[in-house]
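Trainee: Following the hints, position chain B against chain A.
Those sequence lines, one after another, are chains A and B. My numbering runs 62 ahead of the 1-based position in the first sequence. My numbering runs 3 ahead of the 1-based position in the second sequence.
These aren't lab readings, by the way, just hints derived from the structure by calculation. Mixed in with the good hints, there may be bad ones.
[What the hints assert, rightly or not] The following label-pair restraints were derived from C-beta to C-beta distances:
1) 102/A with 17/B: 28 to 34 Å
2) 18/B with 137/A: 27 to 33 Å
3) 140/A with 56/B: 44 to 50 Å
4) 112/A with 31/B: 41 to 47 Å
[As the list claims (entries may be wrong)] Which chain A residues face chain B? A few, computed with CB under 10 Å, are given here:
5) 98
6) 104
7) 127
8) 158
For each residue, glycine too, the CB sits at the ideal point set by N, CA and C.
If you want the building blocks of each chain, they are given just below.
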Amino acid sequence: AQRVTQPEKLLSVFKGAPVELKCNYSYSGSPELFWYVQYSRQRLQLLLRHISRESIKGFTADLNKGETSFHLKKPFAQEEDSAMYYCALKDTGRRALTFGSGTRLQVQP
Amino acid sequence: NAGVTQTPKFQVLKTGQSMTLQCAQDMNHNSMYWYRQDPGMGLRLIYYSASEGTTDKGEVPNGYNVSRLNKREFSLRLESAAPSQTSVYFCATQGWQETQYFGPGTRLLVL
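One chain only, chain B, in its complex shape:
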């Protein structure tokens, strides 16, 4: 089992460009999450999805959109990237006893 996978691993964008970060899980978990990790700030929740077809805003949703097309996949889209969105992005699922399982992360640099 791959667990939680993310693509791409690394991306460089120019300001104003758009891109979609992909996340997939084979753990059959209902809840999925997108976090961003910035130095000195820990992980902050961008969006989450409690189940297929539902999404909700987290702590820092501005500049992002998400799609939960099916139980396995939860994508994060940046419509017009800004330098402030330079970060490491983590996807996670939530399983037994509220344990969260994380993907390997996507490192994004916006120039």
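Looking at chain A on its own, in the form it has when it is part of the complex:
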């Protein structure tokens, strides 16, 4: 069965520090992975998808098939990055997403 693991419930950093939110997955096929973000009092929304190889709001994520990881990184954290971040894996069978348990990022001034 496919699975997404986010080992950190809370990550606290200071403004300007680098950020890495960890995500590991288990999946037998070719994975499609996403990062979703939920800011305070806002809806859950897509941050980025690995297939697009894009950088959104300074965040990037590289798929490492050897380590089965899709860590989210930003070189310099901003206070407005404080939010709940979810890693998600596409479930091709159900055409749905399997989510990790989420990591709360706190960026302190």
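Mentor: Quick look at chain B alone, frame taken from chain A:
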């Protein structure tokens, strides 16, 4: 465009009571989903609908039923609520490049 809307925003039920959570979308998307969000567990799929008139079970379907009456609306029903169903419920649609669009959520408390 409202996107994905959910009603109610908050509900308190007693054990054994029934209720229906409503979800509507104006994005013309075929696929719709119901998730529940619990602390430390992320979002778990309850039911989904690939298109109008079809529904399928997700990861945690027990205690729930769904109806996809038309393309816009996908409702989730709790026939006999239990405290274990206390959660935040999210409806979502799926659009271009598999992107999911979420509603604001319904916070349910079962006493």
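Trainee: Each hint: holds or not?
Mentor: Consistency of the hints with the structure:
no.: 1; hint: 102/A with 17/B: 28 to 34 Å; in the structure: holds, 31 Å
no.: 2; hint: 18/B with 137/A: 27 to 33 Å; in the structure: violated, 50 Å
no.: 3; hint: 140/A with 56/B: 44 to 50 Å; in the structure: holds, 46 Å
no.: 4; hint: 112/A with 31/B: 41 to 47 Å; in the structure: violated, 26 Å
no.: 5; hint: 98; in the structure: holds, 8 Å
no.: 6; hint: 104; in the structure: holds, 9 Å
no.: 7; hint: 127; in the structure: violated, 19 Å
no.: 8; hint: 158; in the structure: holds, 5 Å
When held up to the earlier numbered hints, the structure conflicts with 2, 4 and 7 and fits the remainder.
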